[in-house]
Structures are given as C-alpha cells and as structure tokens.
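Engineer: In case you want the letters, here they are:
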Amino acid sequence: MEFEVTHRCSTTRARVSRMKLAHGETALPTFMPVATQAAIKGLTPEQVESLGITLILNNTYHLNLRPGTDILNAAGGAHLFEGWKHNMLTDSGGFQLVSLSKFTTITEEGALFYSPFTGESTILTPEESISIQHAIGADIIMQLDDVVPSLLQGPRVEEAMERSIRWLDRCIQQHKSSEKEHMQNLFAIVQGGLDSSLRDRCLDGMLERRDQVAGYAIGGLSGGEEKGVFWRIIKQCADRLPEDRPRYAMGIGFAEDLLVCVALGIDMADCVFPTRTARFGVALTHKGPMNLKLGKHAKDFSTIDSTCPCLTCREGVSRAFLHHIVTHETTAAHALTIHNIVFQAQVMGQARDAIIAGTFPDYLRSFFSGYFGDRGYPEWCVAALRSVGVDLLKNTDIPVVSGGGAKWEYSDAA
Amino acid sequence: MSHPIAFTLSSRNPPPNISAFGPRTATFCIRNIAIDTPGMLTCTSRGVVPHLSHDNVKRTKGIRWIHTPFESFLEHKPPVPTLQPQQGQSPKINSFLRFSEDEYVLSVSLRDLGDGREMPANTNAFVTANCIQGVRRVTPSDWQSYMISCNPDIVFSLSDVPFTPPPYSQKRLTKSIERSALWLSDILRSSGPSPGPRSKPSNVFVQMAGSASAPARTAFADSLIEILRGKEAEAIQPLKCLDEGVAGYVFDMVPLRLALEGAGDLSPASFNTLFRASLSVLPKTKPRLVTSARGPHEMLRLIQDVGIDLFDTQWAQRSADIGVALDFTFPVPSHEVSGKRDLGHNLYDTAYARDFSSMMGSDDLTSGVSCQCGACSPCSVSPSEILRHSSVDSELGAKSGGTSDAPLNSAYTRAFLHHLLHTHEMSAHSLLAMHNITVMDGFFAGIRGVLSQNDLAVFEAETSRFFETYSEDTDGAGSQNVFRAAEKCWAEVEILRGKGRLARESEKEKAESAAAANIVLTMEMEEKGAEGGSGTAVSLPFAPDGESMITS
Chain A
1 MEFEVTHRCS TTRARVSRMK LAHGETALPT FMPVATQAAI KGLTPEQVES
51 LGITLILNNT YHLNLRPGTD ILNAAGGAHL FEGWKHNMLT DSGGFQLVSL
101 SKFTTITEEG ALFYSPFTGE STILTPEESI SIQHAIGADI IMQLDDVVPS
151 LLQGPRVEEA MERSIRWLDR CIQQHKSSEK EHMQNLFAIV QGGLDSSLRD
201 RCLDGMLERR DQVAGYAIGG LSGGEEKGVF WRIIKQCADR LPEDRPRYAM
251 GIGFAEDLLV CVALGIDMAD CVFPTRTARF GVALTHKGPM NLKLGKHAKD
301 FSTIDSTCPC LTCREGVSRA FLHHIVTHET TAAHALTIHN IVFQAQVMGQ
351 ARDAIIAGTF PDYLRSFFSG YFGDRGYPEW CVAALRSVGV DLLKNTDIPV
401 VSGGGAKWEY SDAA
Chain B
1 MSHPIAFTLS SRNPPPNISA FGPRTATFCI RNIAIDTPGM LTCTSRGVVP
51 HLSHDNVKRT KGIRWIHTPF ESFLEHKPPV PTLQPQQGQS PKINSFLRFS
101 EDEYVLSVSL RDLGDGREMP ANTNAFVTAN CIQGVRRVTP SDWQSYMISC
151 NPDIVFSLSD VPFTPPPYSQ KRLTKSIERS ALWLSDILRS SGPSPGPRSK
201 PSNVFVQMAG SASAPARTAF ADSLIEILRG KEAEAIQPLK CLDEGVAGYV
251 FDMVPLRLAL EGAGDLSPAS FNTLFRASLS VLPKTKPRLV TSARGPHEML
301 RLIQDVGIDL FDTQWAQRSA DIGVALDFTF PVPSHEVSGK RDLGHNLYDT
351 AYARDFSSMM GSDDLTSGVS CQCGACSPCS VSPSEILRHS SVDSELGAKS
401 GGTSDAPLNS AYTRAFLHHL LHTHEMSAHS LLAMHNITVM DGFFAGIRGV
451 LSQNDLAVFE AETSRFFETY SEDTDGAGSQ NVFRAAEKCW AEVEILRGKG
501 RLARESEKEK AESAAAANIV LTMEMEEKGA EGGSGTAVSL PFAPDGESMI
551 TS
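First to last, the sequence lines map onto chains A and B.
Anchor point for the first sequence: position 165 equals 165 in the UniProt record's numbering, and the numbering is continuous, going up by one each time.
Anchor point for the second sequence: position 88 equals 88 in the UniProt record's numbering, and the numbering is continuous, going up by one each time.
Be aware that a few hints might be false.
[To be verified] Distance windows between CB atoms, simulated: (1) A/LEU100 x B/ALA125: 41 to 51 Å; (2) A/SER366 x B/ALA125: 51 to 61 Å; (3) B/VAL493 x A/PRO155: 35 to 45 Å; (4) B/ILE132 x A/LEU100: 48 to 58 Å; (5) B/THR123 x A/PRO309: 49 to 59 Å; (6) B/SER384 x A/LEU100: 38 to 48 Å; (7) B/SER479 x A/PRO309: 43 to 53 Å; (8) A/PHE280 x B/THR273: 49 to 59 Å.
Just so you know, the hints here were simulated from the structure itself, not pulled from any lab data.
Note that the Cβ used here is the ideal one computed from N, Cα and C, for glycine as well.
Construct all of the structure, not just a fragment, from the sequences and the given hints.
Structural biologist: Now the structure itself:
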C-alpha cells in the first residue's frame, strides 16, 4: 500500500490522503458501501463503478459460507468472481460474532460458529480468518478481533480487548507467512469497549506493532452506545493513531457521524445503513432522510434532490413514481441504492474538496445547518466539533437538542 | 400530438403470403423509432421493467417497445400519471415513467395481460381491474380520459375478457364481443366533454374477442369492418367502420389458454384455427401482436402458421425471475449435435456452482455468436461518465483509468449467478433479465434473417431443426423440466431468505419453544405421575400451530 496524506485541515484533525492499493487509488476520507455477499444489493459492478466508487467492502463470514473458499480459489479470488475491478476490503468475520452470537462460542483458539444453513460447526481462528481473506483476495484485510456488544461492561470487555491484541499477533504471523503480503494489507482493530483506559491499553499494544500493520480500525462502536461516549472514543483513538496510517471507523454511516469522524481524523468508514435504508424506501438528502413510502410523496413530481448528480435524480425520476414502486419493485431499491451511495460519496467528496480548499469548518457549518436546521443540532455533534475547534453555533440561532439526533421521517404527520 | 404508426410489410415476404397467414417481415415505425418484425415488446410491472434500473434498460438494446399495464395506477383517483406536469412535447406517461419518447415506443393496456387470475365480472358500464388495494371499476369514459391525458403511443382498447372459470356460454361470448366492440367505438369517439387537438388517443390496438369460439371470433372481426350507420356512424366519424381506427390486433394467450384448457384442447392446431378465425376477414396490413406466448416454440408456430409480427417477452422475463438463463439461438448453429437440449439453464442447480463459463457457455466460442447483454458482455461506462465526487477523484481516475474507450469486462459466470441466486441477491435477476431479453432479441433477429432469404422452405426447415434441437418449455415432468425445477428452487430460497423471513422465523421459534416447553412439562407431569402413581392423560397448554397436543 502507498499511503500519503496530501492535505490537512488547519482547524480540525481532518485530512485528505491518497491510498494506492493493488486495484487502483482511492481518495480519503471515503465511505465504503457494503457488498455483503459479493454484490452491492441489486446493482452490477459496472453500475457501482459508474457512481465513482473505488472501494467496497465484502463480508468474510458470508463469503466463507457461500460460495466458500474452494470456489473463490477456483475463480481466482472475489474480484474476478464478482467482476469488481477496483479496491476491496474484507472484514474478518469478527463482527458476526456479535450480530449472529446465538450461533457462536468464543475460546482463546478462535470463534466456534454453527452454520445457520447446515448446523455444522466450524472454528474461525485468527489464522483461518486470514486464510479465508487471502482466498477472497481483498486489497485490505482485517485482523480477527474478539468483538463484544458495544454496551457490554465488566471483565469480558477487558478479556476481549486483550485477546484482540493476541489475535492480532497470530494474524500478523499468518499474513507474513503467506505470499500475499505485497498484494493485501492487514489492518489492526482497536477494541476496548466504551472504557477509555481499556482503549488506551489496546492502543499501547497495537501501536507497538505499527510496523507490521498497514492501517488501523476502530471497532466495537456503533452498537447503540451514547453518542457522547462514541465521539470521545473515536477522538481518543484517532488522536493516538499514527499519522502515516489510514484510520477506519467501523460501522459508521449516518452523515452527521461521518462528518464528525472526519473532523476527528478518520479516513474511512463503512455501514450497511445507506443501502439497507434504500431498500426500505428511504432516500438520503442534505435535508435529512426522506421516506418515500409516505403518502405525502404520492403526487410530488419533483426529483429527490435537484442538485444530486446520481442517475436516479439526473434521469428525473420523481418522488411520485418512486412512491409508486418502493417496496414493491426491486428497481425501486436499485434507484434509491444508487442515490444513497452517491449521497454518501458526495458528502465525503465535498469534505475532501473543503479540506483541500481550507474551508472544511465552513463546510461542516453549512452541512449541519442544512441537515439539522429545522429541528436543532444534536448536542453531541456540537460538543464533538467544538473539541476540534469548530463552533456550529457561531452566528446562528439554530437550537441545540439532546439525544442521538438521528433524523427519521416516520409518518406523514412528522 | 398524434404520431401515427407506419407498418410496412416487406415486399419480399415468402410467396404463400397470399394465404394471409404466412410468415412475414415488416418494419413498424412511430416517430423516428423503427422496429423490425417479427419482433418484440418488453413487459413492465408497476411501470418498470422488472429488475432493470433505467441505465440497465438502456444497456439492453432489445428494449425498444415497452408495454405498461395501467391498473397499478388505479390506487389513486385520478391516477397519478394523469397528474404528471407536462414536460415539453413529451407524453405524460413517458415523462412519468422516464422512458424517453425518442428512444421507446410505449403502449398501455388497462389490465396486466399476463394475469389470468379470476376477477369479478365486467358489466356494460365498467371493466374490473386489479390494484394493490383491491379491485377497481373502470368505465370506458374513465379509460378514454386517462389515455388522452397520459397520451401513450399506443392504447389498448378496453376489452371484455371473461376471467371466470370456463366454459363460457354463448350468451357470455355474445356479450363479450358486443361490449368489446362498443368500448372500442367509445375510445375512437372523437367528441368529448373537452374537445381539443388531443381529444382521442393516437393509435388504438384492439384485443381480438371471442375466446375459444371460432364463430364468435369471426363475428367480432366482422363487427370491426362493418360499415356503421346512423348514430353509431356519427359517433366515430369520420371513420366509416371501427377497423379504420384500429392500428393493430392483439391476441392474449393467457385467457385463450384458460378457455382451451377448459375445452381440453391445447393443441397448436386449435390456436391456429382461432387466430385465423379472427384474422381471415381483417386487412392483413396491420400489425398482429401476441401477449404471453409461452416460449420460442409457440412463437415460431404462430409466426409460421398465422403470420404474427410482435410478441411480448413475458415468458423470458418470468424465466429471469425464477433463475433460468436462456440459452438458445435461431437458426440453430450448424454444428449442433443430436439429442435434445433445454432452452435454458436452471442456475440454482448445484451443477453450476463451479461453472465459470458465461450464461450461453461454450456456444460463444464455437458458434462465434456471443451474447451482447450487460451480463455476458458487460461494459464499464466511459471514464468521462463516471461520477467524480471531489477534485482529487478526477486525478485518480486519470491515473488509474488511462484509456478513453469504455473497456469490455469479463462475462458474469454461471457460478456467480448461482451464488447470487442462492444468497437471494437482487443483482442475479438484473443480470438474468438483461440476458434473457437480449436472447429473445437475438432470436427474433435470427428469424428475420432467415425470412429475408425469401424462401419459405428454408424457414420451415430451420423451424423444424429448432424443434428437433430444443425441448419445448412445457416438455418433461418435475425436475426434468428446467423451468419447473427452477421455479421450485426459487420458491425454496424465497421462503428461506425472502420477504417475511423474520416473521416466519419468529413463528418457527415460537413453535419450537412451545414444543420445548411441552417436553419439559410432560417430563414434570410424568415425574409427578410416577410419584403419585396415577397415569392420567395430560393435556398440555402450549400448542404450536394451534393444535392441541395430547400425550399420556
């Protein structure tokens, strides 16, 4: 991997970098859409490419179940199997330890999975995870970490954090002993739950191994924790992670979360949210999410966003027509997935441009006032951005509201 | 705006054209769009080509004529497309559905012509149609006003097709042909409450009524060419007969199949007789369109025996829904070995799990014919069309891209499609829909190619070779038939991973935990019984699926 920070925001910790991997370059900060089972749901790789996406995520756990490493090896890896020419990142399968925990038991050796399809048990060790990721062949691979639910407290969190460091060593070992080191780049994952002292200890351990990892992820967040805790952990980790390594916040996808993370020094993020919410009929916009299932859109002949460059908006597809097809036709999911992926890319692309132009604080202020102006700034966003020198409240009378602040359009009444 | 259809039969059609039922080639023109026939139209559901986003519709060159059932829009009154703001000269329906009138011919019928479900009876005053909220009644004047407002290129006149179990009495058939003729005259009626330049639809197609009765079909056709008098004549003037206002004839296979099934005779000959009963008295210069034909065998027969010009691709699109990749060509490549082949591949079949060939497989290499669809010949958009989200993106694109031409990518493999189908990924159906529609496009191009040799014997020989080479989709039972086997696999994956999965799983979980609770309770009761020494039957309170469980 070639990684070079090209621009820095003079106020916040935000930065623009170029990351060159085996399948091309990707400009950071960026958002990675998720192709869980080797496809961005509903789209072809040609379509994803046309949206200006150069880095997607595949899930190791799922690809290992189907199609399995035999077939991936026979195909020559996931890039060739699924026809994706650009960069790819695979998770380690660790996250599914939490999300599918009823199928899983953790031991020092690894994670014991029961296949939900066959009921057969397989053990996912750090070595095994890396081998599977070698078969998939993603440009960035992740260490297997011991993930516990974000809200868990007590000794299990500490155990998981320490085990994640031990497992990192085993992953490094496995990766080094392969011939894949020049093609694939291993990232470490900082764990430690919501406890800042555990996070610090994890950072200590993982920073000692910096010469053996290409980048760092921050894991164990975005699981329902309080936003005030969330941003402080992100900041704590981002502040300590080395300047010359990309920093990846796992599972982050709301626009406000993304921009706060970028301001705190994060380079990469992924989440199923924009593509999943598309399938439920929600379009993301600069004024907040728009639920096209609602009756109020039935006779609205405007596009989702007249300034959006996505295919759906450029083609002039109206909210009324989308209302007619959402949740009935797969093409509605396609149209909104295209729009939402472009929305995420635009939010991040405009952040890159603003950082380069030295106007990132202005961009933050204008984005947040457009997005939250009608109902008030979430308190945690104000606090987080203040911590890096941006005052959202300057020259505005937009109120501050407590709570997570995620915006939803639930009903016609709202 | 009126854009009349020009339908020009080739002067070089094979000689038995005198019979009016021989195979024929023609060019169908509207505005600047020309469609060669025999050719095809693409079906839609709720106004979209299923599984194809607009860019993938564009990628699929065979899609030139799009047919849209209107009934899903009856959820609102007035239907939402009629409220679409006028955009330039574009018909509202094109603006609403985003199918540019410069690129697509758009036809509209009230009903989904592939839907044979039982419906409440029509009356003299209205036709019943389906939308998500239930059955809606549509009067002829509703239909005329919707179509004048939406202004599609082609409107299908309302038709009184019985969707009740056959057989149909003579009285019912008489009603059916009378109403259909009356409703045709209603839509051709130029007068109306709001006279103006667009007071009637431009091009009207009529569904050939008469069901499975040859005399009834001829009677309906006769009523089209009958010179009208008196009030009836006034209503449609300056037209002298209804047929003068008709731009094309439509044959719906679904109701016809239902009726013939009732009569126990689904032989090709009986279809021929009925089609000819409709067409014999009508001018042979108008396009003949068949909806819901079941596969290439049926299409070839209808081209050869009745001279059909246009087919919808409902069958091929349905195949894409259920995971079948079509794999056939017309004419059959000369090297093709003996032994019957299937028309397609059930890609759910585990035989394809490691098959890294394209959907049309090795044929690509040997016959020199390669499928040009977005799945078999995928093509990146040109670098200039790729969205850029920041100033540094374009630098990156220039560095990593290089060539200005859009590069051709490797074909999607059967193994990948097998994977996508089993993981319930929507992309599988997008790729299959592009492919299957393209296979149909190639099939019709092949037919036109053979017909252009102007020698009926050659066409007939190629048709029989096709019949010898490929099994008809209805052939074979159960898993022997790829279409039925695929439908079964599709349904299994749908239940396992499709819509409503979580609800089904929680039901199952509840049932399982109820069963577990019952076991515990049984054991407790048995222990108690052993202690107490009594052996009475115990009825258990937790019963899965609402059944009560009795155990001793």
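Engineer: Hint by hint, say whether it matches the structure.
Structural biologist: Structure-based check of all given hints:
no., hint, result
1, A/LEU100 x B/ALA125: 41 to 51 Å, "violated, 58 Å"
2, A/SER366 x B/ALA125: 51 to 61 Å, "holds, 59 Å"
3, B/VAL493 x A/PRO155: 35 to 45 Å, "holds, 43 Å"
4, B/ILE132 x A/LEU100: 48 to 58 Å, "violated, 34 Å"
5, B/THR123 x A/PRO309: 49 to 59 Å, "holds, 51 Å"
6, B/SER384 x A/LEU100: 38 to 48 Å, "holds, 43 Å"
7, B/SER479 x A/PRO309: 43 to 53 Å, "holds, 48 Å"
8, A/PHE280 x B/THR273: 49 to 59 Å, "holds, 52 Å"
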